[in-house]
Amino acid sequence: EAAVTQSPRNKVTVTGGNVTLSCRQTNSHNYMYWYRQDTGHGLRLIHYSYGAGNLQIGDVPDGYKATRTTQEDFFLLLELASPSQTSLYFCASSPRLGGDNYAEQFFGPGTRLTVL
Amino acid sequence: QQKVQQSPESLSVPEGGMASFNCTSSDRNFQYFWWYRQHSGEGPKALMSIFSDGDKKEGRFTAHLNKASLHVSLHIRDSQPSDSALYFCAASEEGYKLTFGTGTSLLVDP
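As you go down the protein sequences, you meet chains A and B in turn.
Note that our numbering has the first sequence beginning at 1, numbered continuously upward.
Note that our numbering has the second sequence beginning at 1, numbered continuously upward.
The shape of chain A in the complex, shown without the other chains:
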């Protein structure tokens, strides 16, 4: 089964602070995604990537940057954190399209971020 790890698992910062969330997948998946999960909204896509050096804008990108440094590593950056970014953040990865694996995404355990 695909392995996706995230760090840190919990983070508290202050308004205006600088935060980096890290994600690593060890299954050579091409696609990686960053989501935020909020009650009443489900999971919303922030940014995603097709591969190292590639970045695509998701549905709720404002206030977030992302960078895919390698096939394995995908980072989410909050350069001026605001209380509205307090949320549970998930990273996911999925393999190249084909066979029966269309769009199956494998999720990490999540990072809970609190912005005071």
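Treat the hints with care, as some may be off.
[Unchecked claim] In the DMTMM-like style, the derived pairs of lysine to aspartate or glutamate whose C-alpha atoms are separated by at most 20 Å in a straight line are:
#: 1; chain 1: B; residue 1: Lys97; chain 2: A; residue 2: Glu72
#: 2; chain 1: A; residue 1: Lys65; chain 2: A; residue 2: Glu79
#: 3; chain 1: B; residue 1: Lys97; chain 2: B; residue 2: Asp78
#: 4; chain 1: B; residue 1: Lys97; chain 2: A; residue 2: Asp38
#: 5; chain 1: B; residue 1: Lys45; chain 2: A; residue 2: Glu104
#: 6; chain 1: B; residue 1: Lys3; chain 2: A; residue 2: Glu79
#: 7; chain 1: A; residue 1: Lys11; chain 2: A; residue 2: Glu79
#: 8; chain 1: B; residue 1: Lys45; chain 2: B; residue 2: Glu58
#: 9; chain 1: B; residue 1: Lys3; chain 2: A; residue 2: Asp38
#: 10; chain 1: B; residue 1: Lys57; chain 2: A; residue 2: Glu104
#: 11; chain 1: B; residue 1: Lys45; chain 2: A; residue 2: Asp38
#: 12; chain 1: B; residue 1: Lys97; chain 2: A; residue 2: Glu104
#: 13; chain 1: B; residue 1: Lys97; chain 2: A; residue 2: Asp73
#: 14; chain 1: B; residue 1: Lys67; chain 2: B; residue 2: Glu94
#: 15; chain 1: B; residue 1: Lys67; chain 2: B; residue 2: Asp55
#: 16; chain 1: B; residue 1: Lys97; chain 2: A; residue 2: Asp62
#: 17; chain 1: B; residue 1: Lys56; chain 2: A; residue 2: Glu104
#: 18; chain 1: B; residue 1: Lys3; chain 2: B; residue 2: Glu94
#: 19; chain 1: B; residue 1: Lys97; chain 2: A; residue 2: Asp59
#: 20; chain 1: B; residue 1: Lys56; chain 2: B; residue 2: Glu42
#: 21; chain 1: A; residue 1: Lys11; chain 2: B; residue 2: Asp109
#: 22; chain 1: B; residue 1: Lys67; chain 2: B; residue 2: Asp27
Hints are computed from structural coordinates only; laboratory data are not their basis.
We have chain A; now place chain B onto it with these hints.
Frame of chain A; chain B shown alone:
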């Protein structure tokens, strides 16, 4: 506007009972549908996919898709306490980027 709507918001069934979830999309470009399950404190995990009209059965789980009405459902028979979780419907246009619904919380009473 939420492109993928789920109902109900929460559901409680007795152990051994049937749990049913509904999902409706407002975007006719969606071609691929998934059900994901999330236990408390964990990330979501894919439960099953359905891409063609009709029923798809995997063990105690049955999904149904009607592309004409953009409606997909999930039914769990013989529900177990371990099925208590958040259930998400997810839809995709091109096969990889997913749009998730708001989720249904299931509680199975032992």
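* Numbers of the earlier hints that this structure fails to satisfy, in rising order -> 3, 6, 20 and 21
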